Amino acid sequence: MAVQDTADDLELHRRLAAGDRGAFDELYRRYAAQAYGLAYRVTGQQMLAQDVVHDAFMALWRAPEAFDARRGSFRTFFLSMVHHRGVDQVRREQRLRARTEKAANLDPVEDEDPADAVAEAGYLSVRRKEVREALTELPAAQRQVLEMAYFDGKTQVQISEELQIPLGTVKTRTLAAMRKLRSLLEEAP
Amino acid sequence: MIDHDAADELLAGYVLGSLTGPDAEEADRLLTEHVPDCLTCRSTLDAFRGVTGELGLVADPVSPPETLLPRIERELGGGRRRRFQRGGPARVVAGAAAAVVLMGVVGLSLLNEGGAGPSQLLTKADLAQVNRLKDQPDSQVAPVTSTVADAQEVEPPDHSELYVMGTFEALGPGYTYRLYAVRDGAYTYLGPLGPATGPVAFHVAIDPATVDYLVVTSEPEASPPSQPVSQSTQPAA
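Chains A and B, in that order, are what the protein sequence lines are.
Under this note's numbering, residues 1 to 189 are what the first sequence spells out, in order.
Under this note's numbering, residues 1 to 237 are what the second sequence spells out, in order.
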């Protein structure tokens, strides 16, 4: 399933690069909820999350050549782009105002079309489970710094101050977490 | 001899976007001076980027607001077309060494002395100024799409000028960044963008009203500029 879906993504991307709006719509259907969930988790604000997802999809449409299949899967490329833009929004917002909403208050996604829900579940839910399991295998201290950086958009200096641990420790734990996740996710089927 | 554990530590923080101050500067140096020629580091960088993508799956999927897709579709409109409806008179940038009009792009003027390209690499002080412009309420900010550079277009509130700012990674030997303007689906080569690595800002001497969006590519220096294609032109690691 995962291999086939990866191939489907590549085919959709190929069609997208040729200007096929249908391929764009299909990629939106596949990834919009995941991208929005991630953007909301990182930014904590619906409007910011909307902007992040909007910009990510528009960037994909405008320059599909930004994705290079030699450097990874489409899924990781796109979600990495969404995350990066989300963190960028957080940094800007930190300068402008305090965050007032939390993603934890959101309702879980509910697809209106059961067939669509099954299609997406088959594509992403298996990998989601693997990634979540991999996270649980990290030592708690490593997981904590990784989640503060990734989901809260905090800098290593901010993490050091909040946890009252040396900056060097934050760096060490971050690297250990990334290496372990890399290994675990490469091992996963 | 580089300490690869230390390098990996920087790369891990870099892909998470969590570096600041001296660490960010050190990472920029690493990406500029070492990573392009180091297969190990390039592989690590790609792998860590992959991890940041996979971590996105940990977040619960959430249906986006129903207004989002119509908003995107409105912009998609008739295809890969204008992003902004820019207004106001175009202003010729002071200090232009030469005024050159390229096919398909009206109002392009070269800033660099000698006409080497359409962009001017700004100083660190200017970079901070562009950063401040970004945060002004009436500024327009949009992504610049690129395989290797993570950049944004910044238009100040009066929309008379255009900047490109972001993090430009070091390229492999013999490769250079190239800047294209896209209007109505047609790509026009504006010139080389650089030299640039790390967090930088460029002033792009082009009337913002004449361009839909900008694209940055990496291409062999020796090759003639070509319309960006669907695959990266950067050499494989």
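Warning: the hint list may mix true and false statements.
[As the list claims (entries may be wrong)] Simulated pairs of lysine to aspartate or glutamate, EDC-like, Cα-Cα distance not exceeding 20 Å:
no., chain 1, residue 1, chain 2, residue 2
1, A, K180, B, D212
2, B, K134, B, D8
3, B, K134, B, E155
4, A, K129, A, E186
5, B, K134, B, D158
6, A, K129, A, E93
7, A, K180, B, D8
8, A, K180, B, E161
9, B, K134, B, E161
10, B, K134, A, E93
11, A, K129, B, E155
12, A, K180, A, E133
13, B, K134, B, D150
14, B, K134, A, D51
15, A, K129, A, E147
16, A, K129, A, E187
[What the hints assert, rightly or not] Computed footprint of chain B on chain A, listed as stretches where at least three residues anywhere in the stretch have a Cβ under 8 Å from a Cβ of chain B:
no., segment
17, 24–38
18, 75–89
19, 127–140
20, 156–168
21, 178–187
Just so you know, these hints were derived from the structure itself, not from any lab.
Computed from a predicted model, the values in this text were never measured in an experiment.
C-beta: ideal position from N, C-alpha, C; glycine also.
*Hints violated by the structure (listed by number, smallest first)*: Of the numbered hints given earlier, those the structure breaks are 1, 2, 6, 8 and 11, listed in rising order.
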